[in-house]
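J.: Position 303 of the sequence shown, counted from 1, bears residue number 1718 in this note's numbering, the numbering being contiguous throughout.
Note that these hints are calculated values from the structure, not bench results.
A couple of the hints might just be wrong.
[Stated by the list, open to error] Computed beta-carbon distance windows for the label pairs:
| hint | residue 1 | residue 2 | range |
| --- | --- | --- | --- |
| 1 | V1861 | Q1774 | 30 to 38 Å |
| 2 | A1783 | N1863 | 29 to 37 Å |
| 3 | R1668 | R1882 | 30 to 38 Å |
| 4 | P1718 | A1587 | 53 to 61 Å |
| 5 | K1656 | H1701 | 49 to 57 Å |
| 6 | I1594 | K1889 | 48 to 56 Å |
| 7 | T1665 | P1745 | 56 to 64 Å |
[What the hints assert, rightly or not] Using 20 Å as the maximum straight-line C-alpha spacing, the simulated DMTMM-like pairs for lysine to aspartate or glutamate come out as follows:
| hint | residue 1 | residue 2 |
| --- | --- | --- |
| 8 | K1889 | D1829 |
| 9 | K1546 | E1636 |
| 10 | K1470 | E1682 |
| 11 | K1656 | E1633 |
| 12 | K1546 | E1629 |
| 13 | K1612 | D1596 |
| 14 | K1612 | D1673 |
| 15 | K1612 | E1577 |
| 16 | K1546 | E1577 |
| 17 | K1656 | E1609 |
| 18 | K1656 | E1636 |
| 19 | K1612 | D1593 |
| 20 | K1656 | D1596 |
| 21 | K1470 | E1507 |
| 22 | K1656 | E1577 |
| 23 | K1656 | E1579 |
| 24 | K1470 | E1509 |
| 25 | K1656 | E1629 |
Glycine included, each C-beta is placed from N, C-alpha and C at the ideal position.
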Amino acid sequence: MCSATPPAQVDLSDSTTRPPSGTGTVAPRHSTRAFPQTAVILAAGLGSRLFPATKQPKPLVEVLGLSLAERVLCAFVEDLGVRRIVVVLGHEAETIEAHFTEVARRRGAAIDFVRARNWHLGNGASALSAKGRVSTPFYLAMADHLFDPDMARRLAAEPPREGEVCLAVDGATADIFDIDDVTRVRQANGLIEEIGKRLEAWNAADTGLFLCTEGLFEGLERSAAKGCHGLSDGIRELAAKGQVRAVDVTGHRWLDVDTPEVLRHAEDWLSSAETGKASDGPVSRHLNRPISRRLTRYAVRTPLTPNQISLLSWGLSVLAAALFILGGYPALALGGLIAQIASIIDGCDGEVARLKRLQSDFGGWFDAVLDRYADAFLLFGLLGHSYAASGDPATLFIGFAAITGSFMSSYTADKYDGLMAKRMAERRPFRLGRDVRVFMIFLGAVLNLPMATLLVIAVVMNLDVIRRILVCRKGA
1416 MCSATPPAQV
1426 DLSDSTTRPP
1436 SGTGTVAPRH
1446 STRAFPQTAV
1456 ILAAGLGSRL
1466 FPATKQPKPL
1476 VEVLGLSLAE
1486 RVLCAFVEDL
1496 GVRRIVVVLG
1506 HEAETIEAHF
1516 TEVARRRGAA
1526 IDFVRARNWH
1536 LGNGASALSA
1546 KGRVSTPFYL
1556 AMADHLFDPD
1566 MARRLAAEPP
1576 REGEVCLAVD
1586 GATADIFDID
1596 DVTRVRQANG
1606 LIEEIGKRLE
1616 AWNAADTGLF
1626 LCTEGLFEGL
1636 ERSAAKGCHG
1646 LSDGIRELAA
1656 KGQVRAVDVT
1666 GHRWLDVDTP
1676 EVLRHAEDWL
1686 SSAETGKASD
1696 GPVSRHLNRP
1706 ISRRLTRYAV
1716 RTPLTPNQIS
1726 LLSWGLSVLA
1736 AALFILGGYP
1746 ALALGGLIAQ
1756 IASIIDGCDG
1766 EVARLKRLQS
1776 DFGGWFDAVL
1786 DRYADAFLLF
1796 GLLGHSYAAS
1806 GDPATLFIGF
1816 AAITGSFMSS
1826 YTADKYDGLM
1836 AKRMAERRPF
1846 RLGRDVRVFM
1856 IFLGAVLNLP
1866 MATLLVIAVV
1876 MNLDVIRRIL
1886 VCRKGA
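Input sequences plus hints: build the corresponding full structure.
T.: If you want it as structure tokens, here you go:
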């Protein structure tokens, strides 16, 4: 039984390899055992179901600021430390090669290209064109698949023996988004017994992520000799001889982006999965983050960088402080509103960085520096407004205490969060941070209670610092 096209002779004579265009490799973000050093990405297909909506080759389709091609390449290079990427081309080969080349240049990846003349016969014919171009074991994935890198780590932890192929399978079949299009798998005792889209008896889904030896090409050649050119056809040949092991990755997220509906779901998935932080305070978690996520979905489609968003947030805080000093309730209330907007936007820089894979140590440090300056401007502005209105010298003392508590809260946050992460791995630590502080400023300004706001911030922030000292001392 074939899953692809009618019989035809596979001709690999037109396959070519391009020299590496990368400038080096990127160290994996997670330190684990050694991983395979090569990955093959199949980017040869038509993508006919997605093209009417996107009007571009599928690997170039963007999902929240990055193309599918860039997302899968980043997963291998930046998350898993793969040193060499082999991209199989077919449809729109020149366009897709140019895009991958540019992505590899920016990401520091070594990349080769193989052009498969018979890509139109099926993805098995495309995969077969990589024979002789890879070292084993090697990962195999599709350019239109999003996957949790931990799935690849699971494969690497159970590598195939000589002649074998390992396939990551998902046993939670009821949770699959596009279940009508999924490639079905029947597995037993850790081995794949059967695979195909029309299986009636099945208990897992093919996630599209493989860890392969040269045995893959032997299976593909046997199926091609029978006129069957799908990747599943080659896997079926190997499965018949007990050479395909199932690696259970149930619980990890993956998605085959084949239709406009799945593309929209992919955006929802990435938006929810990539934009939160464990250290989010209560205001960030319940107010700021739901709004910033919506803003970020637009921001990732613009040329704005995370650092530029950080500067925008800081600039709004400076404007809010200037309005506080200007005096009068309208300026005070407007300044409070702008301060809260700045706090919401301040969450977008990290969200954009994570979604567009632009995280950097400098970016995190730069954002923290701007936040401290923003806090100083806001509190000094509120102090200036209160002192101008009352003339009471006590205002200066309360303002100083508020500013000191604010800065000490920020200074102690990192070590406190680090300790709590070790001691409370399963639940969020109680934390009063910048999100709470700015929200207090917003409420105090809108309610025309600037002096009371400074007093509350002074008491709450300093008490929280004392609480952290006691908690950390107890845990030392």
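J.: Quick check: which numbered hints come out false for this structure?
T.: 4, 15 and 20
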